[in-house]
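If you're matching positions, the sequence shown starts at 1 in the UniProt record's numbering and goes up one per residue.
It should be emphasised that the hints constitute simulated quantities derived from the structure, not laboratory data. Hints should not be assumed to be uniformly reliable.
Computed cross-link-like contacts, EDC-like style, restricted to lysine to aspartate or glutamate with a CA-CA straight-line distance of at most 20 Å [to be verified]:
no., residue 1, residue 2
1, K117, E196
2, K243, D24
3, K51, E71
4, K232, D135
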Amino acid sequence: MSTNVYYKKMNRMIRENERRLLIDLDDVRKYNIYNSKQLLTNFMQEEVSLKLAIKECVKNIDATYANKYNEFFVGFYGAFGANHVTPRTLNCKFLGRLVCLEGFVTLRSEMKSVLVKSVHYCPTTKKMHEHIYTDPLSNSNSFDSASSEFTYPINDNEGNRLETEFGLSVFKDRQTLVIQESTEKSPPGQFARTVEVIVEHDLVDVCRPGYKIMIIGNYRPFLPPSGSIFFKTLIIANTIIMKNANFTVERSDITKCRNLLNIEKNNIFDLLVNSVAPSIHGNIQIKRAILCLLLGGVETTLPNNSRIRGDIHVLLIGDPSIAKSQFLRWVLNAAPYAVSTTGRGSTGVGLTFFLLLFTYTKS
Numbered sequence: 001m002s003t004n005v006y007y008k009k010m011n012r013m014i015r016e017n018e019r020r021l022l023i024d025l026d027d028v029r030k031y032n033i034y035n036s037k038q039l040l041t042n043f044m045q046e047e048v049s050l051k052l053a054i055k056e057c058v059k060n061i062d063a064t065y066a067n068k069y070n071e072f073f074v075g076f077y078g079a080f081g082a083n084h085v086t087p088r089t090l091n092c093k094f095l096g097r098l099v100c101l102e103g104f105v106t107l108r109s110e111m112k113s114v115l116v117k118s119v120h121y122c123p124t125t126k127k128m129h130e131h132i133y134t135d136p137l138s139n140s141n142s143f144d145s146a147s148s149e150f151t152y153p154i155n156d157n158e159g160n161r162l163e164t165e166f167g168l169s170v171f172k173d174r175q176t177l178v179i180q181e182s183t184e185k186s187p188p189g190q191f192a193r194t195v196e197v198i199v200e201h202d203l204v205d206v207c208r209p210g211y212k213i214m215i216i217g218n219y220r221p222f223l224p225p226s227g228s229i230f231f232k233t234l235i236i237a238n239t240i241i242m243k244n245a246n247f248t249v250e251r252s253d254i255t256k257c258r259n260l261l262n263i264e265k266n267n268i269f270d271l272l273v274n275s276v277a278p279s280i281h282g283n284i285q286i287k288r289a290i291l292c293l294l295l296g297g298v299e300t301t302l303p304n305n306s307r308i309r310g311d312i313h314v315l316l317i318g319d320p321s322i323a324k325s326q327f328l329r330w331v332l333n334a335a336p337y338a339v340s341t342t343g344r345g346s347t348g349v350g351l352t353f354f355l356l357l358f359t360y361t362k363s
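Turn these sequences into a full structure, and let the hints guide you.
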């Protein structure tokens, strides 16, 4: 493994005020094949040593920057072999391992601030008190830590009242993602499967629903409620790799649109409508609605400060075999960030309204 390459990465990490070092698994294999196997099969224990090693290396480069943060993080990318999975192929044999999960982001919870360390001041004794909290979802904690209780101190050991110093307390950002397998890869007649993923720190708000991504992380079990034998499993992410988030409009696309406008200035809308699902005959009004759905609208603010949303929804209701599902499939292929919420049956039907409760965030 080239020491010079990762020395430059650490310098760039310090220069950009970051705390996560990305490591190529292929470099680890070249350096020591045994260590690479240990990373994939026993990541929970190996990660603690890696974080300490990164902090020590950063301290050798810039001691001031190393003392600024209590913890540094590690991320991985490269070839994962059999550990490259989808939500359907992820099962109990991967528990405790470092896996690479590929799929679409279908849901993203709001960002939560998790208390890591609270600092308290006692006016009676004029002393400061610190309280560190055990986080069951943190990679650095053991499996048994999931059963620890959260106790927030109000009084000290003598019963004196404590005041919380929020400016000195330490928090971390956390978010829950739901990753769904690609609908084109799910077996016919079955719904696409999903997996919950926890992202923290700099990985929060990196992706949004509709993105096709690869998430590298530790697949972990957590203690169930008392009396249950069913364990909750989650992936604690350490790296997010985008696969379709770089969708951009090129200069040539703008030129084509301008040329089309000059040629078909009078009936440009009708020309675009005829380009919507051209294999489906007729249904002009439906095609116009779908085109307006894809293009979006302009939000309008009225004089009384109420707002009218420019975007629309389209609901197709009708008898079987009248191309409802074909319209849905065309929109999925045309829109860059479209996500299907149905199973991949013979027609792709089965759209159902549902509510999802995130187990740990309760949102």
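Would you check the hint for K232 and D135, treating anything up to 20 Å between C-alpha atoms as holding? holds (16 Å)
Hinted pair K51 and E71, Cα distance within 20 Å: At roughly 7 Å apart (the allowed maximum being 20 Å), E71 and K51 satisfy the hint.
Assess, step by step, whether the Cα of K117 is no farther than 20 Å from the Cα of E196, and give holds or violated. Measuring from Cα to Cα gives roughly 26 Å; hence the hint is violated.
Holds or violated: K243 with D24, Cα cutoff 20 Å? holds (18 Å)
Hint violations for this structure: number 1 only, all remaining hints satisfied.
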